[in-house]
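Asker: One-letter residues, chain by chain:
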Amino acid sequence: MQGLPFQPEQASTIARSVDNLHFFITAVTLFFTFLIFSIIFYFMIKYRRRSPGERPKAIEGSLPLEILWTAIPTLIVAVIFVWGSSLYFQNAEPPAGAMEIFVTGKQWMWKVEHPEGQREINELHVPLGRPVKLTMTSEDIIHDFFVPAFRVKKDVLPGRYTSLWFQPTKLGTFHLFCAQYCGAFHAGMIGSVIVLEPDAYERWLAGGVQGESMEAAGQKIFQQSGCSTCHLGDGTGPAPSLLGVYGQPVRLTNGQTVTADDAYVRESILNPGAKIVQGYAPIMPSFQGQLTEEQINSLIAYIRLLGKEQAKPKEEGKK
Amino acid sequence: MSQQIVPVKTYLFVFASLIGLTLLTTGVAFLDLGRFNTVVALLIAFCKMLLVVFFFMHLRHSSGLVKVVLLAGFFWLALLISLTTADYRTRSWTSSPNAWSTTAPPTHP
Amino acid sequence: MSTATLEPRVYVQRNYLNADYGWRSWLFTLDHKRIALLYLVSVTFFFVIGGSFAVLMRIHLVEPQGALVQPETYNKLFTLHGIVMIFFFLIPSIPAVLGNFLVPLMIGARDLAFPRLNLLSWYIYMVGGMFTLYSAIAGGVDVGWTFYTPYSSTYSNTQVTAVAIGVFITGFSSILTGLNFIVTIHKMRAPGLTWFRMPLFLWAMYATSIIMVLGTPVLAITIFLLALEHLFHVGIFSPALGGDPLLFQHLFWFYSHPAVYIMILPAMGVVSEIIACFARKRIFGYKVVGFSSVAIAVLGFLVWGHHMFVTGQSVYAGLIFSFLSFMVAIPSAIKVFNWTSTLYKGSISYEAPMLYAMGFIGLFTMGGLTGLFLASLATDVHLNGTYFIVAHFHYIMVGGAVMGYLGGIHFWWPKISGRKYPNGWAALAAAIIFVGFNLTFFPQFLLGYLGMPRRYAFYPAEFQVLNVMSSAGATVLGVGYLIPLVYLIWSMRYGPIAESNPWGATGLEWQTPSPPPTENFAEIPVVTEEAYAYAEKKGAGGD
Amino acid sequence: MRTRRKRGLAVTELETHAAHTGLAHQFQNLDQQQDADTLGIWVFLVTEIMFFGGVFAAYAIYRGFYFAAFEGGSHILDVRLGAFNTVALLGSSLTMALSVRSAQSGNRRALVLFLILTMILGGVFLGVKAYEYDQKFVEHVVPSLDWAPEGAVLARLAPGGLEHAELYFIFYFAMTGLHALHMIIGMGLLLWLVLRSRKGSFTPSYFAPVEVVGLYWHFVDIVWIFLFPLLYLIGGRY
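Protein chains in written order, with the working numbering: chain R, -15 to 303; chain Y, 6 to 114; chain L, 16 to 558; chain E, 11 to 248.
Hint data in this document are derived by calculation from the structure and do not stem from the laboratory.
Model, not experiment: these values are computed from the prediction.
Quick reminder that beta carbons are idealized off the backbone N, C-alpha and C, glycines included.
Please note that the accuracy of each hint is not assured.
Derived DEER-like restraints, expressed as beta-carbon distance ranges [claimed, not checked]:
{"no.": "1", "chain 1": "L", "residue 1": "Thr88", "chain 2": "R", "residue 2": "Leu19", "range": "43 to 49 Å"}
{"no.": "2", "chain 1": "L", "residue 1": "Leu246", "chain 2": "Y", "residue 2": "Leu70", "range": "37 to 43 Å"}
{"no.": "3", "chain 1": "Y", "residue 1": "Gln9", "chain 2": "L", "residue 2": "Thr209", "range": "53 to 59 Å"}
{"no.": "4", "chain 1": "R", "residue 1": "Glu196", "chain 2": "Y", "residue 2": "Phe35", "range": "56 to 62 Å"}
{"no.": "5", "chain 1": "L", "residue 1": "Ala476", "chain 2": "R", "residue 2": "Gln74", "range": "31 to 37 Å"}
{"no.": "6", "chain 1": "Y", "residue 1": "Leu55", "chain 2": "L", "residue 2": "Glu538", "range": "44 to 50 Å"}
{"no.": "7", "chain 1": "R", "residue 1": "Thr157", "chain 2": "L", "residue 2": "Phe60", "range": "46 to 52 Å"}
{"no.": "8", "chain 1": "R", "residue 1": "Thr241", "chain 2": "L", "residue 2": "Tyr149", "range": "53 to 59 Å"}
Please model the entire structure based on the sequences and the hints provided.
Answerer: As structure tokens, this is what we get:
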């Protein structure tokens, strides 16, 4: 169903399915509201007091009725629970091949970086019909990335990555709101998501302010910050090689294994002592406070690239 | 309220056990039991608590209601801790980027 | 008036109101009924304060760019509205006013188990209130009543510490009240008053007390840690030192979700009393209704994570919390069905308290059912943090709890004051409140679904129509709340004298004179029948 | 309400009721009052469990995250002092239990003696605690106020990450501080008991205040029983 009064636009693949559940619960709500209201009105008129001394017979209650009206709501909420949860889980993970965009929230703006290097503020350009995954973090406090037309929302937390994904199904400009109160101009932390035809998107990426790609920026930081001195590609340096590492399990000195994901890479940059790769000494200095969130994002983008392109055969996990 | 007068000997015996357990828990800390160091320490603390509660605080002679009240306290504390850790423990089950999932090693390394 | 004192009057019964005079006799009283009146005056004061903040907000939101104040001021308005209404009005409203007045009367005792503690709770509450008022006067606070870190701990430079101290202190008032009720209900019931002969209001107060006693300390320690972080800039909940902001949310909602049940359970108790009385019927499924109160109190502790579905909580924890949130809906539904069935073959009259009770059922039903949208993971993602939430919890906490509170005040007013109020005005006020409430908050459901986030000082123009409707409704609602204030105060002096049992209700409190004497019962009563033995009662209503 | 009553007429039955020693007017008899008092203090202790429970829960989460840092922080503390304090506090619990016993059996001299002994042991605990706090300033491991660990201390804290070690010390001070605050309140209550029992207020049929304060004191002891291993004994000491 679409185009009802007081219905927000459906502009993503999940919007329709979320709305279907929404309408189902609305139907349940309306049904029971009218049921209760009409029974009450009926009883209040039918059993109104006719004489002041009236003493109606006591009714204890009724076990079958109690069971009935425990069972029916239980059944209905079970349906809603299963429906809502499965919908949520189906959409919890982005499909493979989703394009990735980095989003950084700060009081009171949204900063967006496309892997190709295009940057924008309070605007997010995306192509129609392609799944888009946002990797989000905050520079200060908790914000929340909310696009009503896509029915997606996720808090953006400092010191941590969260993500959401959507696949736009409609061209146009849609509201982007901050939905987690973040101080004085919380209401001003709004922007728009602009959905373009894929070729228009390509044109947009190419045009405007030319920035270098995130990987290229990351590579520069990798050199300038001295990462490349120790993280030698052939693994002979004092620090592990980063080739083929991203996305793969890494064994640590304490015997545990972690996956080298965004969070791990980020932590290793900011708090290197926390998880040392087996066979290496904890000698890396912390880069806490020396790199901006955007620089870290670029570094991660570069390390992803290293992970993708030249996987070392020895440690490669089969998938 | 405890109507019974507990013999001094019982109190002294409980006290001696408490001291013994204190020395034990301190001693065990100097042994390498891996993750069991924490388990043993908490177990000993729990035993000490039971001794204090049952003997010094006369729970032994208290009404069932008081026992239920105390149990409710611990039950709710368990709810608070278990449901909170349910979040932290399951964050690493998804592959979406999630700093806390990997920042968090198991509670008892 | 002057002749009244000269006239040799008929014997005026000694009661708790005329037992003693002077401010000392009130401020140092140990009488639960007088302490209840102290609370009545103070919660009314805080209601007016919190309400005026709401009025300012609704006026401000008439225009998309904001009609009245700066965004910073708007943020302070909604913060103080929330804090004052929740911690200083809703939580103490029914428990501390009606509960204090009625619990000893209903169980046939002379006072609560610990009268000094009871007075102390009021002082603690007032001290907490003073800190909060101070923070409002000294520049306000803008962190929202939820105090989310790290904004509250590190970034806000408003009066966070003062308000944290205020909330911390007030928490102990609620803990002590809950403790007092639990002990009183366990240990001081009159002979013959078994658990299953207790009025359902007492069951509700008992369930509420459980939450107060078990939940509030966690809020206290959380606010304490927050204040510590705010004062010393250490990283308990802020990521700068490795703290986790979500941990604050867990600890905060561990109390603050059950706190919703602190507000609604007592109102459910009040409604049970009123419906039984005005339908002249025993509550349908008495035991089920009683146990469902306790079930709500217990299950209410297991659902806090539904406030955190989009905050980065693990999806599996979200699954558990979603499931448990649906569970807690069931006892609430059972209650509504049982109240409705109580009317069946009753003898129903429509005095003002009954109208409030019916209003409660209607609004609570809508509020409860809209909760289903928020317990369900997929729909909550869209609605979380929008006006849908605002509408939902106002339906529960204002439509439900305040309706119940007003119903209770109207029901027991003859007992409390010894006077009657004009029933016509009261019925009119109930109708105006019901209509005004729906006009104010129903548009907010639509706003939320359309995607307007809450706590916005200004908003895109497309949301204006619904916002204007909501503001217009708020003026109706405001008038509705003012009317009872006027006629209840009027009735204290000019209202007709109330008999001891004007509604013909069962319950020990109606067996005492109106108003009751200080010691409640000259002789401790012996209970021989169930709570709502309306069928056995002979004769006409009223005596 | 229109007729002002004279004050004299306002005398209620409260006073006649209270003539009974220690029986408050709202109770029917001493048994009921004692039952209520006992239940009241236990319910209060449950609120205390939840109060400390909140900070214990937070501690548990962070200890899981930053075990190495917490281990390092723990090793800065002096186990001997912690163990000594545990023994002192357990001793005070013993003397407290004996005070209640003396009150039960109506031995007023023993009651006063044991109460004073409890206070002395509590004082010893607080003294040692104060010394430990002072040491933290010497070692510059007081979060926010004096945080500049150096030398051996720094070497011990560094592997787990300094800012996480600071988190450990926040919990150290918050938890022991709250505990010490409860001790100080308990000492005040003990003093009040000593004064009352010297006046002979307590009899074998009425000693609820002694019992109630005793339960509170034991609870504070239990908190420490958990704090000791959780703060002093993290990880191996070998």
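Asker: Evaluate each hint against the coordinates.
Answerer: Hints, one by one, checked against the model:
no.	hint	result
1	L:Thr88 to R:Leu19: 43 to 49 Å	44 Å, holds
2	L:Leu246 to Y:Leu70: 37 to 43 Å	41 Å, holds
3	Y:Gln9 to L:Thr209: 53 to 59 Å	29 Å, violated
4	R:Glu196 to Y:Phe35: 56 to 62 Å	57 Å, holds
5	L:Ala476 to R:Gln74: 31 to 37 Å	35 Å, holds
6	Y:Leu55 to L:Glu538: 44 to 50 Å	46 Å, holds
7	R:Thr157 to L:Phe60: 46 to 52 Å	48 Å, holds
8	R:Thr241 to L:Tyr149: 53 to 59 Å	54 Å, holds
Violated hints amount to a single one, hint 3; each of the other numbered hints is respected by the structure.
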